[in-house]
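Given chain A, work out where chain B should sit, using these hints.
If you're matching them up, the sequences are chains A and B in order.
First residue of the first sequence? That's 0 in numbering that gives the first Met the number 0, and the numbers climb one at a time after it.
First residue of the second sequence? That's 0 in numbering that gives the first Met the number 0, and the numbers climb one at a time after it.
Quick caveat, the hints were computed from the structure, so don't treat them as lab data.
Careful, some of the hints might be misleading.
Examples of chain B residues lying across from chain A (beta carbon under 10 Å, computed) [stated by the list, open to error]: (1) Ile376; (2) Asn377; (3) Leu380; (4) Gln387; (5) Leu395; (6) Arg403; (7) Phe404; (8) Ile424.
Positions of the beta carbon are idealized from the N, C-alpha and C atoms, including for glycine.
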Amino acid sequence: MKKSLADFKLIFNKTDIEALFISFALINLAFLFHSLNFMWGNHDVGFIKDELLLTSGLFEGRFTQFIPYRLLTMGQILPLLNNLIGFAFLTLALWLLAKYWRIPVSRLNYILFITFFATEPYTLSWMYFAFITISCLLWTLLAILGLYLSEYIATSACKKTLATAAILCFYITLGGYPPIINTFFVCLSGRLTIAYLFENKSLKDLWHTYKYTLLNIFIAALLFKLTLKILPPDNVYNLETTPLTSLPAKFLTTLKIAFMQFFITVPFMERGYKIILALMSFTAIIGAIIKAPTLKHRIFTFLLICGTIWLTGLTTFLVVPHTEYVSRIDFYGFAFLYAFFLALLLKYKANISHSLAILFMLILIPFNIINDYRTQKVWKQGFNAEFQILNRITERIENHPNFNPKQKYRFHPIGDISLRPNFYRNSFDVDDVFLLSLPYLAMWQGANLLEFYSPYAYINHKTPLLPSDITPEVYDFFMTQSRPWPHENSIYINKNIIIVVYNQIGLDEFRYKIRQLYPQKP
Amino acid sequence: MRHFFNLSKTEISCWLWMFSALCLCFSPLMFHLTWGNHDWLPLLVDSKLSSGLIEGRFSQYLLLNLALSGKILPIFNILFGFILYTLSLTLLCTRFFKFTPNKPLDKLFLIAIATLPYIIEILYFHFITFSLLSWSLIITLSLLSAQKAIKKRFVYNTLVSALLLFIALGGYPAASGMFATLTCLYLIKDLTPKYPLKKLIQNISPFAASFILAFLPLPFIYEWLKQHNLMIEIYNTKPETFLGLIEKVPSIICISIKSLLQPQPFFSLSFKLLSAALIFYLISTVLLRCCKQKNFITGILLTTALFIAAKFPAWLVKETEESYYASHDPAAFMVRADFYVIPCLLMFAFFFLKTNAPRWKNNLLFSLAAILLFFNINTNLDFVKTYQLGFTAENLLLERISERFQLHQDYKRNKIYHITQLGEISTRAKYHTPAQAEKYGYYTLTVPFTRYWLANEHFNFYPATPFAADQIAIDPQYITPEIINFINDKNAVWPSEKAIYIYEDLGIIALTSKGKAPFTEQFNQFSGTLK
Chain A
0 MKKSLADFKL
10 IFNKTDIEAL
20 FISFALINLA
30 FLFHSLNFMW
40 GNHDVGFIKD
50 ELLLTSGLFE
60 GRFTQFIPYR
70 LLTMGQILPL
80 LNNLIGFAFL
90 TLALWLLAKY
100 WRIPVSRLNY
110 ILFITFFATE
120 PYTLSWMYFA
130 FITISCLLWT
140 LLAILGLYLS
150 EYIATSACKK
160 TLATAAILCF
170 YITLGGYPPI
180 INTFFVCLSG
190 RLTIAYLFEN
200 KSLKDLWHTY
210 KYTLLNIFIA
220 ALLFKLTLKI
230 LPPDNVYNLE
240 TTPLTSLPAK
250 FLTTLKIAFM
260 QFFITVPFME
270 RGYKIILALM
280 SFTAIIGAII
290 KAPTLKHRIF
300 TFLLICGTIW
310 LTGLTTFLVV
320 PHTEYVSRID
330 FYGFAFLYAF
340 FLALLLKYKA
350 NISHSLAILF
360 MLILIPFNII
370 NDYRTQKVWK
380 QGFNAEFQIL
390 NRITERIENH
400 PNFNPKQKYR
410 FHPIGDISLR
420 PNFYRNSFDV
430 DDVFLLSLPY
440 LAMWQGANLL
450 EFYSPYAYIN
460 HKTPLLPSDI
470 TPEVYDFFMT
480 QSRPWPHENS
490 IYINKNIIIV
500 VYNQIGLDEF
510 RYKIRQLYPQ
520 KP
Chain B
0 MRHFFNLSKT
10 EISCWLWMFS
20 ALCLCFSPLM
30 FHLTWGNHDW
40 LPLLVDSKLS
50 SGLIEGRFSQ
60 YLLLNLALSG
70 KILPIFNILF
80 GFILYTLSLT
90 LLCTRFFKFT
100 PNKPLDKLFL
110 IAIATLPYII
120 EILYFHFITF
130 SLLSWSLIIT
140 LSLLSAQKAI
150 KKRFVYNTLV
160 SALLLFIALG
170 GYPAASGMFA
180 TLTCLYLIKD
190 LTPKYPLKKL
200 IQNISPFAAS
210 FILAFLPLPF
220 IYEWLKQHNL
230 MIEIYNTKPE
240 TFLGLIEKVP
250 SIICISIKSL
260 LQPQPFFSLS
270 FKLLSAALIF
280 YLISTVLLRC
290 CKQKNFITGI
300 LLTTALFIAA
310 KFPAWLVKET
320 EESYYASHDP
330 AAFMVRADFY
340 VIPCLLMFAF
350 FFLKTNAPRW
360 KNNLLFSLAA
370 ILLFFNINTN
380 LDFVKTYQLG
390 FTAENLLLER
400 ISERFQLHQD
410 YKRNKIYHIT
420 QLGEISTRAK
430 YHTPAQAEKY
440 GYYTLTVPFT
450 RYWLANEHFN
460 FYPATPFAAD
470 QIAIDPQYIT
480 PEIINFINDK
490 NAVWPSEKAI
500 YIYEDLGIIA
510 LTSKGKAPFT
520 EQFNQFSGTL
530 K
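Just chain B, same shape as in the assembly:
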């Protein structure tokens, strides 16, 4: 392990450049503690080691507990995360791919990579920022171990690699895309004329073994957690069947290509075209080289594998088409999954294409990197602006709702109310000028800072004495003519004065008609049954 962290001067310089550039882009976020909709409670209560079990993420808080005792701290969470993330990029560049980034042009490449806006979604939830950023380093170490196993102490190094990958996957399974993509890129880089099959197998085996060993225990762990009621069935933990995986290959390749071109909030068409151009330039160069070296089939296989690897989480997960997340935040277009793949891919593209390239190609790559950096800085700060303005707007709204609730005629001081929040109001999109044909952007733009099922967390956050408790089911004792009127009154929605209903220890806050409608339907069915 010491070997991996014995950094040379060049490596330290690269690391510092990338780290400084990232800090510069996100310093307004670092210096102003802003947080996502799951962070209200973790801000008050330290995250325990077991806090992630509910979603099956058993190692999610391991590093956060080691580094910051499970706390969300201003500056530190992001800063430490950036340190680890940029270190991982440095190690990938210098140790895994063995590029030598000692020229100013190389530094520009690395800065352009480090500041890629795929990181913005990672920064939305403060409680996982640090761990999500650190997985890239853990996976890098796993890859380096596997790489070492090719030549030395196969079993030991493969096991170390598998263990590291297992920890990373236990924290965030979608990070597996990084391991898969980088393995493909490693094999591509290593392609030589008349590449013997034996060598390919020799090279691939530690990576494959590590991958299988790391993945194998996951279903059993999930099953065990579910059996002991520690984990709930959520949208992204159902694995695809073997046949399903084979069936999905063509569609996943298409999605992989489509996602390179699909504009998303903060990823304009120009940005997408630029990065896609670089990736296709890389692929065509690889195929051309393979063709010359009579390795065309290997080349085709590896590039196909690369496209699948780039969308690895989407390939592995069984997504129900009608589910809420499938339409709002589909696995194939998750920016946080791309975060583990696209920067590595682009970094490889820059350095691979630069190697032995004529001057005009270097100039072209320099221009591409400079334009990419221009996009990155603007996009990152645009995200920061949107995030902070939306956060302020929604916190002000929260303040107004809380005040109205506490001024309600039926509100009694020192009483705790079971709050039911109907609907959500999201404001970030107000501060964003959408690019043409952009889609998705669930966490980067549209999700509100206050989720309806966590009402007690955000309503208790600012008041001097807490007044909100968990939502409860409406028992017959609560059914009065007033509640029936309130629920059936379509106009009793925020900001109307009738938007808040309080009765005994029940508090209902109707924020939107859309949020109120299903509740009204359920309530009427329920009260009808009672009648």
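Chain A on its own, in the form it takes in the complex:
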């Protein structure tokens, strides 16, 4: 075992251990407030009380998503530990990436590289939903491990073992969260650029070494598709792939999106921050052009870098739903691109390059941490505000003369309330639901939410609102009297049903549905 690890240069030396510990501590410091204030997203409500099962992710085709939870926390979402384990995986993943990209080994280089990536606000997008934090941060480690092992296949005697291990890594990660494919290709493309630029490898050499990586990814993707066929998931939004005929047009759209990412601002990643990141990226690209010895090399280097940038939008290219400028997708792609540019700066031999890298990091890491804390503050305020509303709703329900806790009601929430945006006043080009606008009190989790802090279990979780529940009285109430929260008519309770109106849009939609069901008063 030790020998195998030594063969793959995976033995931790003193520098590695120190860098890992310091980076891990810094990452935890950046997210300490979140780790100590147990918050959870709107998908987590049920899972916080109960356990995550191995099958919990099957309905959306994520068949490996909860394996890490079953193995590491016995299926529970636990305060503190959730983040700690996730960060441990992320730290290891970035250490492995530093090795994969051959960043010069030094404690400072590794600390800068790991801390910069992990403290970017993209990481927070995986902390909104507590039930996938560990898995989705583990996938980065497995993805990079797959790439790392694949690289050794060309020179190793045990090709089959390495290939199997790499395919397994890719397959597990794809089964957990398919957009991880961005990480595969951005990191691979980054590696190709580095090998071409710094290791004087010809394109033929590159093909010889990295064809195995491509093949492994292809086999894993094929197995993933086959698995989905065997375990047909429900028809959910995130599995629809772009038709072949649309791919050429989408190639250009993706290219545009990939480059626009440098400038489009999202919540907590504002103009100034993006400009500094773009400046760092631009400096790294200029450095690469200067470093390339001939014009041919410069052209190829430039093309490889452009390809790497395009690959950050690979998921957007492959799937129908809009995934552009979504922080949790960008975590697997665009964030790695920034890391790649930092790696380039750290790799150039010129002193000025290293000094520039340190200078950028001296600005960007504190900037990251400040942005992280702003995010955590807004999240906590939003979380408290939304749960206060939930408590007031519970109070109204408990006070209602028609309410009896021993009875089971069919529950229907209308609309939802998102209060995080109330605590964030800065402007941005594109909203990001996970970082800012997704509500904690989500409509479809209404029943679980209502019972979350209540001492009673009064909701019939099996049966939703039935057409027969729309009696003339209910019809009248919702057509004429009902108003959104906090109006006294925002809550309706009779013997069988409880309906809560959170917002006007939801109420309008509900009225529309009722009218479709009963054009006339029933």
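Then chain B, alone, in the frame of chain A:
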């Protein structure tokens, strides 16, 4: 005393590892001040030295007053407690048993021991967390003194040992299990071939003397406190008779074994089996060794004593079978009593079994410790989660009840009401997935954060002006047709709008039908007598 605290590098390193691991497990609790149902008042008013007299715990607040002036402070209470507790484990390992924990494997053992979830029940009540954790250090010092008395200045060291143990027992008598268990383990470790009886007596005498001297004054003190109306008769202060103690031996051994295997909330069957396997592995090794050394009878006697010592509080206390606590929180399955015993026992098992063991045994022990640590971290944080969610839910409920009370048509501002709370609502169990066949878990899971007899404390906690006073007996002047209707209306229970009754300075809050039923019965008897 200086000798005990002159720590070596290894000891400091062990201490820091254990302390850090414990802090990591409970940091969410440390940084968020959450408290148990007896803490409402102590949070506002400092605990005085005499605050524990009511239950006969005359030294309970000694250390809390010395260290924190009797205050409950966020972070500090738990942090200081952890410092003392982990120091006690370090001293036990290095000084009392004289193990040398200088390898990484030893550190793993110690971390796995320090983070054992038996500590969770100690953390429920904030007002005694610090003292309960500190007793382990006081008892360790007492044991070290007794150990020293074997070789040097018998009388002086025995007296010091007895005094320290007396202080600890005065704070929490159930901690006596730790002294008894560790004495047995010390004797087991010291067993040599053809162990002479004289040596056994010589070794045991300072421990026995210290124990007797520490225990002897307790009944007299309790009697004196009761005579002066300073102490009330409570469930856990009645000692067993001498004959009763002898009669209870077989049953206590059975209970001791049963409790090692009985799943409890936060102690799953897997966890119990794992720790029990380690303990039985230790016992079989000891017996085997005794057999080889022709000391089999001594071995049998010591292991029997060990099983009794492990349940020492249950053995000593006379428990009335029909009492509320006997069914909900029986002394034999009290996690807080196990806290003083099981970690020491497991620590001894790890190090004793490791000594001179072949490599495969070391690997086995390493695996066991790693799995135990895995269970510990998960269990501790599961407890933290359940505790915090339950605390939030019950505080929100308290807020809703208070609001409803203050919005009641008969409520008058600036008036103080004698509040009678009928029933209790506990929510922690909602956030816990029970393991198969688990039982008990009174303080770890089921007890509510607001007790009915302390209603004035929690209802006065958050409002701007206090409105609640102690519960009073219902005098004839309060008996009106409205109160009769309220008490006899089965539906007038929370969250019904009729759940609150206010008349003059009397406030009744009916939370549950179960809590209201005995009150209704008593009231009807009383009003019937009046008629």
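Do the hints match the structure? See the list:
1. A hinted interface residue such as Ile376 (chain B) counts as satisfied when its beta carbon comes closer than 10 Å to some beta carbon of chain A; here the least separation is about 7 Å, so the hint holds.
2. Hint status for Asn377 (chain B): holds, given a least beta-carbon distance of 6 Å to chain A, under 10 Å.
3. Among the interface hints, the one on Leu380 (chain B) holds; its C-beta lies about 4 Å from the nearest C-beta in chain A, closer than the 10 Å criterion.
4. Given the 10 Å rule on beta carbons, the hint for Gln387 (chain B) holds: about 7 Å separates it from the nearest Cβ of chain A.
5. With a least beta-carbon distance of about 5 Å to chain A, the hint placing Leu395 (chain B) at the interface is held under the 10 Å criterion.
6. With a cut of 10 Å, the hint placing Arg403 (chain B) at the interface with chain A holds, because the nearest CB-to-CB distance is about 7 Å.
7. At a threshold of 10 Å, the smallest CB-CB gap from Phe404 (chain B) to chain A is about 12 Å, leaving the interface hint violated.
8. Satisfaction of the interface hint for Ile424 (chain B) is found here, the shortest Cβ-Cβ separation to chain A being roughly 5 Å, below the 10 Å cut-off.
Consistency with the previously given hints fails for number 7 only.
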